[in-house]
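Q: If you want the building blocks of each chain, they are given just below.
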Amino acid sequence: MIAIDDNPSAFVAHFKDLPIPERMLLSIEKQVALLGRDGARIAGILENAGTRNGAAVQHYYGDKDTLIYAAFIYRYKAYNDWCRHYLELLEHHDSATPNLNYRVLGLTGAWAYLCKHSLPYCYHAGFIQKMGLTNPGTSGIASDYTWNGPTRILLDSALAALEAVLGNELYTKRIGLGALHLVNVWAAKERSIREALSSPGAERQTIRHQLDHFSVEMTETLCANLLREKFRPFESSPLELLHQTDARCGEPVWHIEKVNQ
Amino acid sequence: MALKRTAHLFPDLALKERLLIAAERDIALHSLPGSRIQRVVKDAGSANISAIRYHYGDMSRLQDAVFFYRYKAINRYADIIMQRWSAEVRDQMRVQHYVFAIFAPRCLIIYHTLPAAFYCACAEQLEILKPDRINDQDRHPWFAPLRNCFAGLFKQMSDQLGGDRALERLQLVAPLTAGMLTQQERELREAFEDSQFTRADAAQSLTSFICEVVESLTASLLREHYQPIDTDFATAFHDMTAIPPEWFIDSD
Numbered sequence: 001m002i003a004i005d006d007n008p009s010a011f012v013a014h015f016k017d018l019p020i021p022e023r024m025l026l027s028i029e030k031q032v033a034l035l036g037r038d039g040a041r042i043a044g045i046l047e048n049a050g051t052r053n054g055a056a057v058q059h060y061y062g063d064k065d066t067l068i069y070a071a072f073i074y075r076y077k078a079y080n081d082w083c084r085h086y087l088e089l090l091e092h093h094d095s096a097t098p099n100l101n102y103r104v105l106g107l108t109g110a111w112a113y114l115c116k117h118s119l120p121y122c123y124h125a126g127f128i129q130k131m132g133l134t135n136p137g138t139s140g141i142a143s144d145y146t147w148n149g150p151t152r153i154l155l156d157s158a159l160a161a162l163e164a165v166l167g168n169e170l171y172t173k174r175i176g177l178g179a180l181h182l183v184n185v186w187a188a189k190e191r192s193i194r195e196a197l198s199s200p201g202a203e204r205q206t207i208r209h210q211l212d213h214f215s216v217e218m219t220e221t222l223c224a225n226l227l228r229e230k231f232r233p234f235e236s237s238p239l240e241l242l243h244q245t246d247a248r249c250g251e252p253v254w255h256i257e258k259v260n261q
Numbered sequence: 262m263a264l265k266r267t268a269h270l271f272p273d274l275a276l277k278e279r280l281l282i283a284a285e286r287d288i289a290l291h292s293l294p295g296s297r298i299q300r301v302v303k304d305a306g307s308a309n310i311s312a313i314r315y316h317y318g319d320m321s322r323l324q325d326a327v328f329f330y331r332y333k334a335i336n337r338y339a340d341i342i343m344q345r346w347s348a349e350v351r352d353q354m355r356v357q358h359y360v361f362a363i364f365a366p367r368c369l370i371i372y373h374t375l376p377a378a379f380y381c382a383c384a385e386q387l388e389i390l391k392p393d394r395i396n397d398q399d400r401h402p403w404f405a406p407l408r409n410c411f412a413g414l415f416k417q418m419s420d421q422l423g424g425d426r427a428l429e430r431l432q433l434v435a436p437l438t439a440g441m442l443t444q445q446e447r448e449l450r451e452a453f454e455d456s457q458f459t460r461a462d463a464a465q466s467l468t469s470f471i472c473e474v475v476e477s478l479t480a481s482l483l484r485e486h487y488q489p490i491d492t493d494f495a496t497a498f499h500d501m502t503a504i505p506p507e508w509f510i511d512s513d
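Same order as they appear, the protein sequences are chains Z and B. In terms of our numbering, the first sequence has 232 at position 232, counting the first letter as 1, and numbering is strictly consecutive. In terms of our numbering, the second sequence has 478 at position 217, counting the first letter as 1, and numbering is strictly consecutive.
Treat each hint with caution, since some may be false.
DSSO-like mimics (lysine-lysine), calculated; alpha carbons at most 30 Å apart, straight line [stated by the list, open to error]:
{"id": "1", "chain 1": "B", "residue 1": "K303", "chain 2": "Z", "residue 2": "K230"}
{"id": "2", "chain 1": "Z", "residue 1": "K258", "chain 2": "Z", "residue 2": "K16"}
{"id": "3", "chain 1": "B", "residue 1": "K416", "chain 2": "B", "residue 2": "K303"}
{"id": "4", "chain 1": "Z", "residue 1": "K64", "chain 2": "Z", "residue 2": "K258"}
{"id": "5", "chain 1": "Z", "residue 1": "K64", "chain 2": "B", "residue 2": "K333"}
{"id": "6", "chain 1": "Z", "residue 1": "K16", "chain 2": "Z", "residue 2": "K77"}
Stretches of chain Z that chain B covers, calculated by requiring three or more beta carbons in the stretch to come under 8 Å of a beta carbon on chain B [as the list claims (entries may be wrong)]:
{"id": "7", "segment": "210 to 221"}
{"id": "8", "segment": "226 to 239"}
Calculated directly from the structure, the hints in this document are not laboratory data. All residues carry an ideal CB built from backbone N, CA and C; glycine is no exception.
So here's chain B without its partners, still in its complex pose (with noise of 0.2 Å):
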């Protein structure tokens, strides 16, 4: 069974917001260059296209919106993920636990966004072609916490590796999770179209993916140095789906 259009899916909430979940929709299903405004303001429920112009001036504007719909709640995410760090491994910290940092809270994004779950697939269309969104970013306060743990992540790796090599390896590993991210969310996007699949196996689903990918992620990026750990990252992910998500709504 197909999923329901964005209108259909959220008729509660305002148009302007419900563009941006139908443009992430579109680019994650049809790449950007293979977007088009007509479909995303059909989805959105509005029949007319000067509804991007009124909300977002221009179609460029309104994929930076889309790529900062989410992006608030990541970084909570990664706030609160690194406090409970913080208050439990405190100067033990290894490679792991930021990478669980920096790709939970993607994982909580797709958990709560099932079954219209196209975030991931969106963000590997958009960061990938836009590597210069980084500096963009800066202009939020908010965005801090994601930044605090790459930085702590090459860190870890620099003392291990040297610098060089740290971020060789970061800019090889990068893609590779970011088609992980897209297949674990299309495969529950598409398990959600069987009624007997509930948010419960969604996220035991996503509690064991995101303990594989701290492994397999940090291996990957220190070979021969790696050791796996024993923190129970399964209970962490599973404790950080309590926590809603906060939504960003570019107005400027």
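Isolated chain Z (complex conformation) (with noise of 0.2 Å):
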């Protein structure tokens, strides 16, 4: 067991200036993550968030259904605003290497963006893979948000250019087997980052640096997984963009539906 994983009190304790029903998003992202959504009860949903108060889900967000949505939602709006500004940058930048690979490097990016603002409590990708939310941008359940888009945008021109080189035959073939699984690794580096963080002496400042390696690692991968022998690596490195966008981002901004209150 991961020590940060398997300490309720000290999850409190980390979130104890958050609202209660802020908490409680924070709380079943961290229970869907671990134990799944069969597993995750409304015991340890509300320990983790803090409260004895046993109606307090049905209170604030009405049943379970609804707060797991909840918690999808507020880190997606962070989502969606890293995307809309790498896509402002992506416009301005010139490079050689195709496409495909700047897309994808937008989709990853944007999670380790949320990874390196909620260390060390980083379940979302694990929460995502649970819920088999396969990707958020294909999920579509936010289209009702105004701020929702440029992460639709950003994967459907990846889809687009991936089209673009393979021709649909094999774009159809392709696109069901390696790429659906991506948060695999999300929820599997998501793991180990937890487990470093767990022993002494860890650098948060450290891992940062290893997701934004990380995000271009996993890039590759995936358009290699897709490409094949037409694959090419990045010509240069790409991680100044992801610290530009990083640095226009700032903190992020999480979206709390109003609930009951």
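Two chains, two frames, some hints: make the complex.
A: In structure tokens, the structure reads:
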């Protein structure tokens, strides 16, 4: 067992200044990531949210499914914000590297951003994995929100770039194979980060740098998986672009649904 | 149509073995933290949860036994494949040959367990949660073939990429692979709910799946060094489907 996963009181202490509804979102995200939808129990959700009020879920969110949906939306706005800044920077970015690499990098860089800003309690990818929301961009479940859009633009343009290289037949054959499981790679990385942060002496700054490197690695893994002999690596390091986007984005603005208070 | 209970699918097996099959299925469908002893016992066809204590001691011993249950068959398949390669390709071994030797056995497990194919989903739950199990496997003499395949794969990759990058890429690609196998297993399970779908259809689907997996994983691992090869993996896989699996029931 990873120490920080198995310590509800430290989790509660970490978020003690946040209002109860937000703590409940963080709590369900963690519980679903660790235990799955079936395994996440109301008692555990309340314990990690630091409340003994058994009716809290119902009071604030109505039911468990609504709470799960709200936990997805909570992170997804920040994901979109990052993608929006990335797209703006990408427009002015000159590169000989294939289009697909940079599109995929946007989608992985946004995840790294969420991860960096939720250390050490990074559970978002695990949550998405366990909920079967393969890729946030494909779900479309956030389409009612005015802030939703940049992720879809990035994803659609990545798919278009891929189809342009492969042709329709190969595109259809390959897109359902490896790409769908990228979230598993994120979830495994999150887990190893939490493991690293459970041991003394782990530097968060080092982990943030590792995450940028990991985004690039993950991008090349996926692009090679899809393109095979047509794959070309980044010609120059794209890390600067990730740093610029992080800087423009600043601290994330998490989205909390209006709840009954 | 929902899949029948384990007790109904395998009435001729001993309860001890049915408990392994039922536990594999429960972990696959509900994840490790979500699995429940009562459900496992009921699915295996026993009225009484002390059956687990009697046959396996406790839940964690049962989980170990579930992990090993299919592992002997996987190793034997890996061994047969490596023998084939050493006769056919000799010193021309490429990354693709090792990837095939590691993943084709899992596809063969899917093939031989359909429609109750839950191995890949269960292994995804167990292996990711317990990476230390790899040491535990040493106590069984039949484990060597798969370990040799991984060593061979790592050496091939290291020669081209250097050891550090080879390791980094293997760790990156492993969770991707687990997801691909689990998805294929689930799709075939669902396809079997349609009575028109035959075992021959499943063999065909798995053959094209393993051919795709071999090339796409090799491309992910080698990236800029990747080159397709013309080994006939489809025939190799098809030949293997005729060999029945040997399961392992732990009795210590």
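Q: Take a quick look at whether K64 of chain Z and K333 of chain B sit within 30 Å of each other, Cα to Cα.
A: Judged against 30 Å, a Cα distance of about 42 Å means the pair is violated.
Q: Assess, step by step, whether the Cα of K303 of chain B is no farther than 30 Å from the Cα of K230 of chain Z, and give holds or violated.
A: Between K303 of chain B and K230 of chain Z the Cα gap is close to 52 Å, so the pair fails against 30 Å, i.e. violated.
Q: Three residues minimum, CB to CB under 8 Å: does the segment 226 to 239 of chain Z make the cut for coverage by chain B? Let me know.
A: holds (count 7)
Q: K16 of chain Z and K77 of chain Z: Cα distance at most 30 Å?
A: Roughly 23 Å separates the two Cα atoms, so the pair holds.
Q: Can the restraint linking K64 of chain Z and K258 of chain Z be considered satisfied, given a maximum Cα separation of 30 Å?
A: Distance of about 16 Å is within 30 Å: holds.
Q: Are 3 or more residues of the segment 210 to 221 of chain Z near chain B, judged by a Cβ distance of less than 8 Å?
A: Three-residue rule met by the segment 210 to 221 of chain Z, so holds; n is 4.
Q: Given the hint that K416 of chain B pairs with K303 of chain B, does the C-alpha gap stay at or below 30 Å?
A: It is violated: about 46 Å lies between the C-alpha atoms, which goes past 30 Å.
Q: K258 of chain Z and K16 of chain Z: Cα distance at most 30 Å?
A: Since the Cα atoms of K258 of chain Z and K16 of chain Z sit roughly 20 Å apart, the hinted pair holds (cutoff 30 Å).
Violated hints for the displayed structure, listed by number in ascending order: 1, 3 and 5.
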